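Model the full assembly from the supplied sequences, consistent with the hints where possible.
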Amino acid sequence: MRTDGQIKWHILLGGALVLSLMPIVFAISSSFKELSEAYGNVFSLIPQQPTLNNYLQVFSRLPLAQITANTFLIAVAVTIFKTVTGILAAYAFVYFDFRGKNVLYFILISTIFVPFTVTMIPNYLTVSQLGFRNNIIGVIMPQLSDATGIFLIRQAMRTIPRSLIEAARLDKAGHMRILADIVLPLVKPAVVSTSIMFFINSWNEYVWPVLILKDKENYTLPLALQLFISSEGGTDFTVAMAVSVITMIIPLALYIVFQRYIINTFTSSGIKG
Amino acid sequence: MKEIVFENVCKSYGKTKVIENLNLTIRPGERLILLGASGCGKSTTLRLVAGLEEITSGNLYMNGQRVNDVASGERNVSMVFQNYALFPHMTVADNIIYGLKIQKLKKEEIAHRLKAAVDMLELNGLEERKPKDLSGGQRQRVALARAVVKRSDLLLLDEPLSNLDAQLRGHARKELVKIHQTYQQTFIYVTHDQVEAMTVGDRIALMHEGHLQMLDTPYNVYHRPANVFTAKFIGSPSTNIFHAQYADRSMRIGKQAVRLPEFWSARLGQSGCREFYLGIRPEHIRLEKERTDNVFAGTVRYVEEYGNRCGVYFDLEDTEVVAICDKTDLKPGKRVYFGLDADKIHIFDKHTTMNIGYPEVYHEHLYQYQSV
Numbered sequence: 001m002r003t004d005g006q007i008k009w010h011i012l013l014g015g016a017l018v019l020s021l022m023p024i025v026f027a028i029s030s031s032f033k034e035l036s037e038a039y040g041n042v043f044s045l046i047p048q049q050p051t052l053n054n055y056l057q058v059f060s061r062l063p064l065a066q067i068t069a070n071t072f073l074i075a076v077a078v079t080i081f082k083t084v085t086g087i088l089a090a091y092a093f094v095y096f097d098f099r100g101k102n103v104l105y106f107i108l109i110s111t112i113f114v115p116f117t118v119t120m121i122p123n124y125l126t127v128s129q130l131g132f133r134n135n136i137i138g139v140i141m142p143q144l145s146d147a148t149g150i151f152l153i154r155q156a157m158r159t160i161p162r163s164l165i166e167a168a169r170l171d172k173a174g175h176m177r178i179l180a181d182i183v184l185p186l187v188k189p190a191v192v193s194t195s196i197m198f199f200i201n202s203w204n205e206y207v208w209p210v211l212i213l214k215d216k217e218n219y220t221l222p223l224a225l226q227l228f229i230s231s232e233g234g235t236d237f238t239v240a241m242a243v244s245v246i247t248m249i250i251p252l253a254l255y256i257v258f259q260r261y262i263i264n265t266f267t268s269s270g271i272k273g
Numbered sequence: 001m002k003e004i005v006f007e008n009v010c011k012s013y014g015k016t017k018v019i020e021n022l023n024l025t026i027r028p029g030e031r032l033i034l035l036g037a038s039g040c041g042k043s044t045t046l047r048l049v050a051g052l053e054e055i056t057s058g059n060l061y062m063n064g065q066r067v068n069d070v071a072s073g074e075r076n077v078s079m080v081f082q083n084y085a086l087f088p089h090m091t092v093a094d095n096i097i098y099g100l101k102i103q104k105l106k107k108e109e110i111a112h113r114l115k116a117a118v119d120m121l122e123l124n125g126l127e128e129r130k131p132k133d134l135s136g137g138q139r140q141r142v143a144l145a146r147a148v149v150k151r152s153d154l155l156l157l158d159e160p161l162s163n164l165d166a167q168l169r170g171h172a173r174k175e176l177v178k179i180h181q182t183y184q185q186t187f188i189y190v191t192h193d194q195v196e197a198m199t200v201g202d203r204i205a206l207m208h209e210g211h212l213q214m215l216d217t218p219y220n221v222y223h224r225p226a227n228v229f230t231a232k233f234i235g236s237p238s239t240n241i242f243h244a245q246y247a248d249r250s251m252r253i254g255k256q257a258v259r260l261p262e263f264w265s266a267r268l269g270q271s272g273c274r275e276f277y278l279g280i281r282p283e284h285i286r287l288e289k290e291r292t293d294n295v296f297a298g299t300v301r302y303v304e305e306y307g308n309r310c311g312v313y314f315d316l317e318d319t320e321v322v323a324i325c326d327k328t329d330l331k332p333g334k335r336v337y338f339g340l341d342a343d344k345i346h347i348f349d350k351h352t353t354m355n356i357g358y359p360e361v362y363h364e365h366l367y368q369y370q371s372v
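Those protein sequences? They're chains A and B, same order as listed.
For the first sequence, the tail end lands on 273 under the numbering used here, and the numbers increase by one without skipping.
For the second sequence, the tail end lands on 372 under the numbering used here, and the numbers increase by one without skipping.
Don't take each hint at face value.
Here are the computed distance ranges between Cβ atoms for each label pair [to be verified]:
#1 Glu108(B) <-> Gln259(A): 41 to 47 Å
#2 Ser110(A) <-> Ala71(B): 45 to 51 Å
#3 Gln6(A) <-> Tyr13(B): 45 to 51 Å
#4 Ile102(B) <-> Lys188(A): 27 to 33 Å
#5 Ala253(A) <-> Ile102(B): 37 to 43 Å
A partial selection of chain B residues facing chain A, derived with a Cβ cut-off under 7 Å [as the list claims (entries may be wrong)]:
#6 Ser72
#7 Ala85
#8 Gly99
#9 Ile102
#10 Leu164
#11 Cys310
In short, the hints are calculated from the structure, not lab data.
Being a predicted model, the structure only gives us computed values, none of them experimental.
Every residue gets a Cβ at the ideal spot worked out from N, C-alpha and C, and that includes glycine.
See below:
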């Protein structure tokens with residue numbers, strides 16, 4: 001039953017929803033407008049004379065296929081590395097007993113709170129020394145594991161009753177087998193949503209790639225977007241919006257496909273702790 | 001078939017001692033019950049056998065081989081967990097044959113064993129269901145099926161019936177005995193329920209605070225309790241225990257005294273003590289309304305109705321005593337009298353609380369217990 005208090009909250013949440021959807025709707029609608037119309041009629045949602053010119057311009061001015069491939073490659077590599085190391089580390093933290101386990105875990109989790117700017121320079125120097133500047137390997141290298149992922153996957157693993165693992169051990173299952181047969185199927189939602197989070201973070205990443213990548217053909221999509229909104233790129237903001245829309249497509253598609261798992265993980269980790 | 005021997009086994013978690021100096025031999029093919037209240041160390045004992053816990057000190061032998069450092073998978077044991085530990089993402093059939101697949105048995109052999117287990121435990125038609133679509137009783141039978149398909153020498157059961165309702169429990173007890181008769185495995189069965197212990201067990205190991213109190217047949221555990229703890233733990237309501245003095249061939253409780261037959265005197269005389277604990281089971285006290293010779297007297301406090309029987313609580317001197325009768329018209333405040341049935345009393349040393357033994361005339365019931 002709806003009470004007055006609930007209606008108040010619904011209005012508030014509705015307002016927040018409109019505010020967060022606005023920029024997306026604005027980007028999509030502007031990307032199909034001519035520049036003159038976009039300036040003349042900023043807030044009209046439906047373009048009067050829809051055009052694909054902005055998209056055609058993007059394709060002619062940039063090696064867009066290459067840039068999308070770079071972004072995808074980096075995001076996939078980072079996601080796979082972070083997820084695999086996250087699963088293995090979480091398994092060890094949950095099911096192995098070793099000296100200093102809690103201290104180690106504490107240190108690991110505290111790295112979540114170290115700002116990117118602190119590690120940025122040392123990482124940059126390391127990557128440079130190794131000769132991976134202007135190379136997507138240099139972007140991937142410092143992102144092979146992630147404490148947030150270990151934390152989230154560990155939380156999920158802790159909810160598996162210990163007796164399940166013990167039953168498998170009595171059946172002669174080794175650790176890799178227990179992980180594959182028992183643990184992974186049961187923490188699948190957490191693993192899927194964590195890796196989507198990794199993927200989207202990497203997809204949107206700007207500062208680190210801009211430090212490492214120099215040539216346009218090595219660029220990622222957020223860097224390409226920057227080309228159109230910086231002083232060099234001019235004020236063609238409808239073209240910039242077209243790049244934004246292209247940037248958005250893949251993460252959005254992923255989210256729609258795996259929505260079920262994502263909502264599941266974040267709500268349950270919120271409620272059950 | 002494996003004999004399992006605990007030799008001075010201790011288990012502690014940090015400074016907490018869970019099992020102290022356990023010496024216990026489990027015979028091949030027997031149904032041994034580990035009985036005790038929660039926290040007595042019975043589940044830990046079972047998990048030591050399974051290899052799920054490490055032994056702190058002492059030795060554990062299986063079939064003559066020291067297994068302290070042998071991994072659980074190598075011990076060839078099956079286990080039924082209290083919460084059944086079914087894999088929620090697998091079907092009933094996959095759950096049952098999981099261990100067989102790891103052992104890389106032939107497909108036909110796996111199918112054959114699966115069918116045998118499913119038939120025996122009446123799981124036909126449920127093979128493709130997931131555990132969440134099963135009732136409690138069905139889950140319990142799947143857990144049993146998973147344990148029996150391995151055909152291991154040793155089946156460990158950790159309170160396997162505690163999540164079932166009373167009716168199912170009776171049925172499941174019979175099923176367990178049937179499984180034992182079919183496969184002749186050694187059973188080690190943990191429970192806190194003495195009825196289960198009595199009905200399923202060949203022998204009962206009663207534990208308390210990490211110590212083995214008594215190891216014997218259900219008959220002897222009931223009729224020949226090794227110590228005061230055993231006497232009080234087994235049976236419901238619990239055995240009445242009195243502070244008693246022995247002098248002049250009489251057992252004295254407070255100011256009242258009752259003569260004992262000659263053969264008890266010999267037994268008590270041998271012990272050289274004068275102070276004892278006297279134990280009498282509630283069902284062995286026959287209350288009389290009229291005073292006769294050689295009886296204790298008390299005053300009724302209240303009467304509990306059990307349906308088929310009733311319990312009469314009365315004060316004897318300062319001790320509250322309970323007696324079980326078929327039916328009674330006794331009311332609170334009435335005087336009641338009872339004598340001692342010489343073959344239904346148990347006498348324990350005041351200091352060690354151990355049973356001092358029985359007169360030779362009762363030795364037809366072999367009185368044996370393993371002291372700890």
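Structure-based check of each hint:
no.: 1; hint: Glu108(B) <-> Gln259(A): 41 to 47 Å; in the structure: holds, 44 Å
no.: 2; hint: Ser110(A) <-> Ala71(B): 45 to 51 Å; in the structure: violated, 35 Å
no.: 3; hint: Gln6(A) <-> Tyr13(B): 45 to 51 Å; in the structure: holds, 49 Å
no.: 4; hint: Ile102(B) <-> Lys188(A): 27 to 33 Å; in the structure: violated, 21 Å
no.: 5; hint: Ala253(A) <-> Ile102(B): 37 to 43 Å; in the structure: holds, 39 Å
no.: 6; hint: Ser72; in the structure: holds, 5 Å
no.: 7; hint: Ala85; in the structure: holds, 4 Å
no.: 8; hint: Gly99; in the structure: holds, 3 Å
no.: 9; hint: Ile102; in the structure: holds, 5 Å
no.: 10; hint: Leu164; in the structure: violated, 17 Å
no.: 11; hint: Cys310; in the structure: violated, 42 Å
Checked against the numbered hints above, the structure breaks hints 2, 4, 10 and 11 and satisfies the rest.
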